[in-house]
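Trainee: Protein chains in written order, with my numbering: chain A, 6 to 302; chain B, 209 to 562.
Check each hint, because a few of them may be wrong.
[Unchecked claim] To give an idea of the chain B side of the interface with chain A (calculated C-beta under 10 Å), a few residues:
1) P250
2) F253
3) I272
4) K276
5) M293
6) V380
7) F390
8) I407
9) Q516
[Claimed, not checked] Below, in silico cross-link-like pairs of lysine to aspartate or glutamate (EDC-like), each with a Cα-Cα straight-line distance of 16 Å or less:
10) K276(B) with E264(B)
11) K72(A) with D44(A)
12) K263(B) with E274(B)
13) K386(B) with D15(A)
14) K162(A) with D44(A)
15) K263(B) with D15(A)
16) K12(A) with D44(A)
17) K322(B) with E305(B)
18) K149(A) with E267(B)
19) K162(A) with E104(A)
20) K327(B) with D349(B)
21) K506(B) with D349(B)
22) K233(B) with D75(A)
23) K201(A) with E104(A)
24) K472(B) with D462(B)
25) K327(B) with E274(B)
26) K386(B) with D11(A)
27) K460(B) with D11(A)
[Unchecked claim] Covered stretches of chain B, as calculated for chain A (at least 3 residues, CB under 8 Å):
28) 256-267
29) 332-344
It should be emphasised that the hints constitute simulated quantities derived from the structure, not laboratory data.
Using N, Cα and C, we set each Cβ at its ideal position, and we do this for glycine too.
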Amino acid sequence: MKNKNDKIWDILFVLPQFTLYFLLTIVPFFLIIFVMFTDVVSVTSNTFNFIGLGNFKEIFNPQLFPKFFDVVRRTVIFTLINYSTVYIFGLTLALIIYEKVIKAQKAFNIIIFLPYVISGMAAGMFLPLLFNSDTGSLNLLLMKLGWIKEAINIKTKMGTTIGLPLLVGWRYAGYNMAIFLLGLVAIPQSTIDASKIDGASYFQRLRYVYLPQMVPSIVLVTVSCLIGSFGIFDEPVGMGGLAGNENAQVFSLLLFRIGTWAQMGSLSMGMALSFIVNVPLILIALYLLSLQKKLQY
Amino acid sequence: MMGSNTDIKNNDNKTHILTKRLGLKLFFIVFAVVYSIVTLIPFYFTLVRSFVPTKEASELHLWIPENKAFDLNMKYGSMNVYYNMDLEKFKKAVGLEDVPYINPRLTMNQISEKYNVPKEKIQSYMASYYLYNGWHVVLSDKRFYTALFSSLFVTITSIILGGFLAAATSYVLARFRKRWHFVLYSLYMMSMVISRSMILLPLYLMVTKVLHLGNHGYLALILIFIQGGCLPVMIFTGHISKIPPELEESVKIDGGSRLVYFFKVLLPLCKPAFAAYAAIHIPLFWNDLLMGLLFLKKSNYTLAPYLQNIQGTYTTNYQAMYAALLVSLIPILIFYLVFNKIFLRAQLSGAIKE
Chain A
6 MKNKNDKIWD
16 ILFVLPQFTL
26 YFLLTIVPFF
36 LIIFVMFTDV
46 VSVTSNTFNF
56 IGLGNFKEIF
66 NPQLFPKFFD
76 VVRRTVIFTL
86 INYSTVYIFG
96 LTLALIIYEK
106 VIKAQKAFNI
116 IIFLPYVISG
126 MAAGMFLPLL
136 FNSDTGSLNL
146 LLMKLGWIKE
156 AINIKTKMGT
166 TIGLPLLVGW
176 RYAGYNMAIF
186 LLGLVAIPQS
196 TIDASKIDGA
206 SYFQRLRYVY
216 LPQMVPSIVL
226 VTVSCLIGSF
236 GIFDEPVGMG
246 GLAGNENAQV
256 FSLLLFRIGT
266 WAQMGSLSMG
276 MALSFIVNVP
286 LILIALYLLS
296 LQKKLQY
Chain B
209 MMGSNTDIKN
219 NDNKTHILTK
229 RLGLKLFFIV
239 FAVVYSIVTL
249 IPFYFTLVRS
259 FVPTKEASEL
269 HLWIPENKAF
279 DLNMKYGSMN
289 VYYNMDLEKF
299 KKAVGLEDVP
309 YINPRLTMNQ
319 ISEKYNVPKE
329 KIQSYMASYY
339 LYNGWHVVLS
349 DKRFYTALFS
359 SLFVTITSII
369 LGGFLAAATS
379 YVLARFRKRW
389 HFVLYSLYMM
399 SMVISRSMIL
409 LPLYLMVTKV
419 LHLGNHGYLA
429 LILIFIQGGC
439 LPVMIFTGHI
449 SKIPPELEES
459 VKIDGGSRLV
469 YFFKVLLPLC
479 KPAFAAYAAI
489 HIPLFWNDLL
499 MGLLFLKKSN
509 YTLAPYLQNI
519 QGTYTTNYQA
529 MYAALLVSLI
539 PILIFYLVFN
549 KIFLRAQLSG
559 AIKE
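Excised from the complex, chain A in its bound form (with noise of 0.2 Å):
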């Protein structure tokens, strides 16, 4: 009797919160795997046929292929420098403020999440508020101090490559360096004692003692930037991705522009395209994770 009443309960508290992730979450995701094989051309369509392959058909059109490519390219280039500015920030970052260099530590905290709490359309803005042709604030500043003789044109397509990457890196440094800083926190002091007494430099000491006993929160930050990279949607928006910017286009806003405007294919299709880029990902991710068991000490 008390099992069964219990159950009932721990059903109860469940239940709501469930329900929700369920059908938003859960359902859309094998959604997917449904409407792909079906012809449905937007939200508004009420009838719909199972065309089989036939999307994927159309994917790999040769007419549509390229500019589906292209951005799907584009993304891949973003996340691979968007993975190095993880570093580059985020462990950098974690370094200093495990080290104690710096004394101001709370305000040095609040700078670093100031771009965190900021909206990712903002930060999107900042650049060509910085860097626009004509009117960029840091182009001109940078042309006075003779630091460059041209101005920096963000909106080229090299320009976008690094810069969109960079601010992204820039917008997450704190949320990775919090990862890191959790990794670092849990290092016996023992094993860094017993490195500075071997002899160790700096860098021994990070890449033989430091990053090994990192291994969780490397997987975790590696998975993070995989599925964010390909799901980043505000910053590329603030250049202008929604506004006709060709270089902003990553692959959540072709995605979007399928869905809501109706534009280069039919929902169904994207729905495909989504399942084609996707899938390689989560296994990817799964495979870092259980990874994890494997590396760790």
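Put chain B on the given structure of chain A with help from the hints.
Mentor: What follows is chain B alone, placed relative to chain A:
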């Protein structure tokens, strides 16, 4: 003899290590300082630029420009572009509303002579317009205030409901007593590899076609926000698993039901977990762009979609654009600075420890 040799060698080694360590420390300090400056630069320039009229946008401004006396030789036709002026309002302010058409090639001097408008009137109108145009446009835009209140409403509701639901779920899952508890927990962890953009298309389909919430934008948005995921569940289960089970036993012995335990004991104890949850999710909800664009209409946009919408309208009115940008940043910045201490303490106290 041997002793002094090794002594010298040791001293050399020591200075070598010292300079290396000092060099490293210096590198860290320089990095931190440069990073701080680079982070603050965009905010600074956004503030300055919100006062710079389009006419002067291609000059470097390191501080808010002085209120220069307006040059009356400016042509009437170029007022529109250079100062983003609403010419109807201008005509009304200087008393020319009855004049249907003014030759755009006339300078302001000529206009004041032709239509008997005192020069001081034009000057005084332009004096405040010059710097504060952008701010005035934004702060008198009704849609801005709608967006602000929408964001406030959605964020506050979602945080409270979301935290409550996450606590309820985690209360059951935290102890992993049964296998289905573990299955549910793993399902929530799945959201670590599912980003919102991944499922944006089927989510759109689901909300509009299956749940018929296409016309209830706020409801759709709030439900999406409070559904939980890997972070809320991890935060709350991590915290609740540290609460000794004897507490629940003692409530049972005193004759209280699980409901009583939940509301009177568990929820008050979850304050640090709620603080960590709020610290991470308030910026996420306040700044959300994608869900707002998908499910809200222009008339009830939240702040981020509103900002995106005016990106098209104010392409040349830099003052208005950057004023709007700043105004969208200020609420969350104030919130962050005020509550930073509480959130930092909550985060570090292990509410997110796994």
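Trainee: Against this structure, judge whether each hint is valid.
Mentor: For each hint, the structure was consulted:
1. Given the 10 Å rule on beta carbons, the hint for P250(B) holds: about 4 Å separates it from the nearest Cβ of chain A.
2. Because the beta carbon of F253(B) sits about 4 Å from the nearest beta carbon in chain A, less than 10 Å, this interface hint is met.
3. A cut of 10 Å between beta carbons decides the hint on I272(B): the least distance to chain A is about 13 Å, and the hint is violated.
4. Hint status for K276(B) relative to chain A: violated, with the closest Cβ pair at about 19 Å, above 10 Å.
5. For M293(B), the interface hint is violated, the least distance from its beta-carbon to any beta-carbon of chain A being 19 Å, above 10 Å.
6. About 5 Å separates the beta-carbon of V380(B) from the nearest beta-carbon of chain A, less than 10 Å, and the hint is met.
7. Hint status for F390(B) relative to chain A: violated, with the closest Cβ pair at about 13 Å, above 10 Å.
8. Of the supplied interface hints, the one on I407(B) holds, with its beta-carbon coming within about 4 Å of a beta-carbon of chain A, less than 10 Å.
9. For Q516(B), the shortest C-beta to C-beta distance to chain A is roughly 6 Å, which falls under 10 Å, so the interface hint holds.
10. At most 16 Å may separate the alpha-carbon atoms for a hinted pair to count; K276(B) and E264(B) meet this at roughly 12 Å.
11. Restraint check for K72(A) and D44(A): the C-alpha separation of about 21 Å exceeds 16 Å, so the hint is violated.
12. Distance restraint check for K263(B) and E274(B): the Cα-Cα separation of roughly 14 Å lies within the 16 Å cut-off, and the hinted pair is therefore satisfied.
13. Proposed proximity of K386(B) and D15(A) is supported: the alpha carbons are some 10 Å apart, at most 16 Å.
14. The hinted pair formed by K162(A) and D44(A) fails the criterion: a straight-line CA distance of about 35 Å is larger than 16 Å.
15. Between K263(B) and D15(A), the direct Cα distance comes to roughly 66 Å. Violation of the 16 Å bound is thereby established for this hinted pair.
16. Straight-line distance between C-alpha atoms of K12(A) and D44(A) comes to about 43 Å, which puts the hinted pair past the 16 Å bound.
17. Proposed proximity of K322(B) and E305(B) is supported: the alpha carbons are some 15 Å apart, at most 16 Å.
18. Among the hinted pairs, K149(A) with E267(B) is consistent with the structure: their alpha-carbon atoms are about 10 Å apart, no more than 16 Å.
19. A distance of roughly 39 Å separates the Cα atoms of K162(A) and E104(A); the hinted pair therefore is violated under the 16 Å criterion.
20. With a C-alpha separation of about 30 Å, the suggested pairing of K327(B) with D349(B) is violated against the 16 Å cut-off.
21. With a CA separation close to 14 Å, the supplied pair K506(B) and D349(B) stays within the 16 Å bound.
22. Distance restraint check for K233(B) and D75(A): the Cα-Cα separation of roughly 43 Å exceeds the 16 Å cut-off, and the hinted pair is therefore not satisfied.
23. For the proposed pair K201(A) and E104(A), the alpha carbon gap of about 14 Å is at most 16 Å, so the pair holds.
24. Only pairs whose Cα atoms come within 16 Å are accepted, and K472(B) paired with D462(B) is accepted, the gap being roughly 13 Å.
25. The suggested pairing of K327(B) with E274(B) is violated, with an alpha-carbon distance near 20 Å, which exceeds 16 Å.
26. A distance of roughly 11 Å separates the Cα atoms of K386(B) and D11(A); the hinted pair therefore holds under the 16 Å criterion.
27. The straight-line distance between the Cα atoms of K460(B) and D11(A) is roughly 12 Å, inside the 16 Å bound, and the hint therefore holds.
28. Given a C-beta distance limit of less than 8 Å, the hint that chain A covers the stretch 256-267 of chain B holds, as 5 residues qualify and 3 suffice.
29. Residues of the stretch 332-344 of chain B lying with their CB closer than 8 Å to a CB of chain A number 0, which falls below the three-residue condition for coverage.
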